[in-house]
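Protein chains: 2
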Amino acid sequence: MSTAPSLAHRVLGGELRAAARLMRDLDDQAPSAREAMRQLFPRTGRAYVVGLTGAPGAGKSSLTDRLIAWHRKRGRTVGVVAVDPTSPFSGGAILGDRIRMQDHALDEGVFIRSMATRGNLGGLSRATADVVAVMDAMGKDVVLVETVGVGQDEIEVAALAHTVVVVAVPGMGDEVQAIKAGVMEIADVFAVNKADREGADRTVRDLHMMLELRRATATRPPPDHDELHRFPEGEPWSPEDARFWEPPIVKTVATRDEGVIELCEAVERHRAHLTATGMLKAREIARARAAFVALLREQLLAGALARLAGEQGHLDQVAARIAAHEADPYSLADELVARLRG
Amino acid sequence: MSTAPSLAHRVLGGELRAAARLMRDLDDQAPSAREAMRQLFPRTGRAYVVGLTGAPGAGKSSLTDRLIAWHRKRGRTVGVVAVDPTSPFSGGAILGDRIRMQDHALDEGVFIRSMATRGNLGGLSRATADVVAVMDAMGKDVVLVETVGVGQDEIEVAALAHTVVVVAVPGMGDEVQAIKAGVMEIADVFAVNKADREGADRTVRDLHMMLELRRATATRPPPDHDELHRFPEGEPWSPEDARFWEPPIVKTVATRDEGVIELCEAVERHRAHLTATGMLKAREIARARAAFVALLREQLLAGALARLAGEQGHLDQVAARIAAHEADPYSLADELVARLRG
Numbered sequence: 001m002s003t004a005p006s007l008a009h010r011v012l013g014g015e016l017r018a019a020a021r022l023m024r025d026l027d028d029q030a031p032s033a034r035e036a037m038r039q040l041f042p043r044t045g046r047a048y049v050v051g052l053t054g055a056p057g058a059g060k061s062s063l064t065d066r067l068i069a070w071h072r073k074r075g076r077t078v079g080v081v082a083v084d085p086t087s088p089f090s091g092g093a094i095l096g097d098r099i100r101m102q103d104h105a106l107d108e109g110v111f112i113r114s115m116a117t118r119g120n121l122g123g124l125s126r127a128t129a130d131v132v133a134v135m136d137a138m139g140k141d142v143v144l145v146e147t148v149g150v151g152q153d154e155i156e157v158a159a160l161a162h163t164v165v166v167v168a169v170p171g172m173g174d175e176v177q178a179i180k181a182g183v184m185e186i187a188d189v190f191a192v193n194k195a196d197r198e199g200a201d202r203t204v205r206d207l208h209m210m211l212e213l214r215r216a217t218a219t220r221p222p223p224d225h226d227e228l229h230r231f232p233e234g235e236p237w238s239p240e241d242a243r244f245w246e247p248p249i250v251k252t253v254a255t256r257d258e259g260v261i262e263l264c265e266a267v268e269r270h271r272a273h274l275t276a277t278g279m280l281k282a283r284e285i286a287r288a289r290a291a292f293v294a295l296l297r298e299q300l301l302a303g304a305l306a307r308l309a310g311e312q313g314h315l316d317q318v319a320a321r322i323a324a325h326e327a328d329p330y331s332l333a334d335e336l337v338a339r340l341r342g
Numbered sequence: 343m344s345t346a347p348s349l350a351h352r353v354l355g356g357e358l359r360a361a362a363r364l365m366r367d368l369d370d371q372a373p374s375a376r377e378a379m380r381q382l383f384p385r386t387g388r389a390y391v392v393g394l395t396g397a398p399g400a401g402k403s404s405l406t407d408r409l410i411a412w413h414r415k416r417g418r419t420v421g422v423v424a425v426d427p428t429s430p431f432s433g434g435a436i437l438g439d440r441i442r443m444q445d446h447a448l449d450e451g452v453f454i455r456s457m458a459t460r461g462n463l464g465g466l467s468r469a470t471a472d473v474v475a476v477m478d479a480m481g482k483d484v485v486l487v488e489t490v491g492v493g494q495d496e497i498e499v500a501a502l503a504h505t506v507v508v509v510a511v512p513g514m515g516d517e518v519q520a521i522k523a524g525v526m527e528i529a530d531v532f533a534v535n536k537a538d539r540e541g542a543d544r545t546v547r548d549l550h551m552m553l554e555l556r557r558a559t560a561t562r563p564p565p566d567h568d569e570l571h572r573f574p575e576g577e578p579w580s581p582e583d584a585r586f587w588e589p590p591i592v593k594t595v596a597t598r599d600e601g602v603i604e605l606c607e608a609v610e611r612h613r614a615h616l617t618a619t620g621m622l623k624a625r626e627i628a629r630a631r632a633a634f635v636a637l638l639r640e641q642l643l644a645g646a647l648a649r650l651a652g653e654q655g656h657l658d659q660v661a662a663r664i665a666a667h668e669a670d671p672y673s674l675a676d677e678l679v680a681r682l683r684g
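If you're matching them up, the sequences are chains A and B in order.
342 is the number that my numbering gives the last residue of the first sequence; the numbers go up by one with no jumps.
684 is the number that my numbering gives the last residue of the second sequence; the numbers go up by one with no jumps.
Rather than coming from a laboratory, the hints here were simulated on the basis of the structure.
Each statement offered as a hint is correct.
Heads up, simulated EDC-like pairs for lysine to aspartate or glutamate below, C-alpha to C-alpha not over 16 Å straight-line: (1) A:Lys281 x B:Glu668; (2) B:Lys623 x A:Asp316; (3) B:Lys623 x A:Glu326; (4) A:Lys73 x A:Asp107; (5) B:Lys415 x B:Glu610; (6) B:Lys415 x B:Asp599; (7) A:Lys281 x B:Asp658.
Among chain B residues calculated to face chain A with C-beta under 7 Å, some are: (8) Ile627; (9) Arg631; (10) Ala633; (11) Phe634; (12) Leu637; (13) Leu642; (14) Ala665.
For each residue, glycine too, the CB sits at the ideal point set by N, CA and C.
In isolation and in its complexed conformation, chain A is listed as follows (with noise of 0.2 Å):
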């Protein structure tokens, strides 16, 4: 414990082992790591957070590389947390994508971390949360936070940004489904990427057409509405509320760095909106609430596994009864949680 300040302390002064250091000792679940994130609070809620996401094979890492130069050339100091197991920068990229990512490697205003997206029981949106915070902290203006999937995890990942990007890409009929089905409600701002490719217009009129039928149904909130808390009641699902925003589509193709600059300034003009609006706020109250969600959950299993291997031995132990039917897993549950309390 008695390190812990320091620790801290040396990210704040921009230490990038000290900071790699923390990360690792947040992955342990360490106290002392506990009590540097308490430390470095303080620091955090100037980066802007902007989240990308869509499936695997559309291109997020080569957009999230073009966005990396684009905020380099204005001076801006960038953190890049890829949760994106296809991602490049997690090490699952095919030589030519890692080659390419080396340039930012050797930029000193370039912070990038991997998620693992697995091994820790859910705390995912915890461990993803904490480290974005690191990177506030330790001074990062743009903070680029890529998902993959569009699963919960991606919702809850999403949540910790100011802006959602959703990535689609042409020629994948199904993906537009997806986002139909499950991110429609989180982007800010739709990159159509690989723009190159045939069909490109036709997801991009695929996605004008789903944007009318939500401003056709805009009076009524989504139905994640009390998840994502990011909008004040209602109101700005209204096309006539000024707070109103309809996310732009912007035609990408990262590898040949087109569409990256209309990308780029689509989502200034958003973070601009928010700001002008008094969104921003909500936004941070969100980011808040997903942030602290994530580490309450994570700590209340945390401390009940804990719980469990002191009292009744191993978790496993505890599953073996259940599979064996001796024992039913809402009792086993009821009676933990009971015991907890008292």
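Please arrange chain B on chain A, whose structure you already have, making use of the hints.
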């Protein structure tokens, strides 16, 4: 509460409306639903659970459709849980798919339930486990669980299955990378669907290469060994061990019903392997473990949030304090956890 016993009774009696009602009650976290699950539990443990997973557009739903038909021909009843928002079973389908699905919708031996992948604060794996348990108690012989993506959701949902089929598709270079990065250890069978497309043989070759690599490093347990707990410590990872399972790779064209018999037979072989080697018990324990942890996590969070609502006002107010930097989330979470214990 007084109606709960009869609800469980009606579910066990095969009443579809009662099962649907119970699933809705579970979504709402009604206490009566918990009681019903407790009553159903002794009647679970008979269904064989097969997970199907892969990227959007891989054709998982078409395969699921064919798998249903295969089992039905053998007189087996089938439950389908679609956790995939792109699945036609979930209502995310293009028209053609929807029409095809209706064949099964009229079949009383098939029960289909789609899961919302959002809106329940990390409770997806708990909700899926519950639905699988209800179908099991209803007497379904086989339960097919269709998931999407490569995130943590998928890993957790896959942990509820006895056999996991990973569906790859040719021409998605990154897709194979995704499998490599995150899904390798959970695959018991690989389906290379849309195998009439160019590049199918290359995809098969890539998968073989990855399996070679796995064999070469097989003495080490995989990194997520601690989380999935599917295998007794270390041993079955050696190809010399009789319990070692080499995932077969099957080429399929679901839309033309090609390779489906081979795929189903591969799943049956895996099932026979688990039974013959005694590994089925390890899988049952892993399934019970995953279900228990999911249940515990959701229950703890729900309890904490209820307490928070009673004491400090709405979660949004807590989030607002954090966003305003009046308090840090770490201290607030600690305080709440301490109060819950005291």
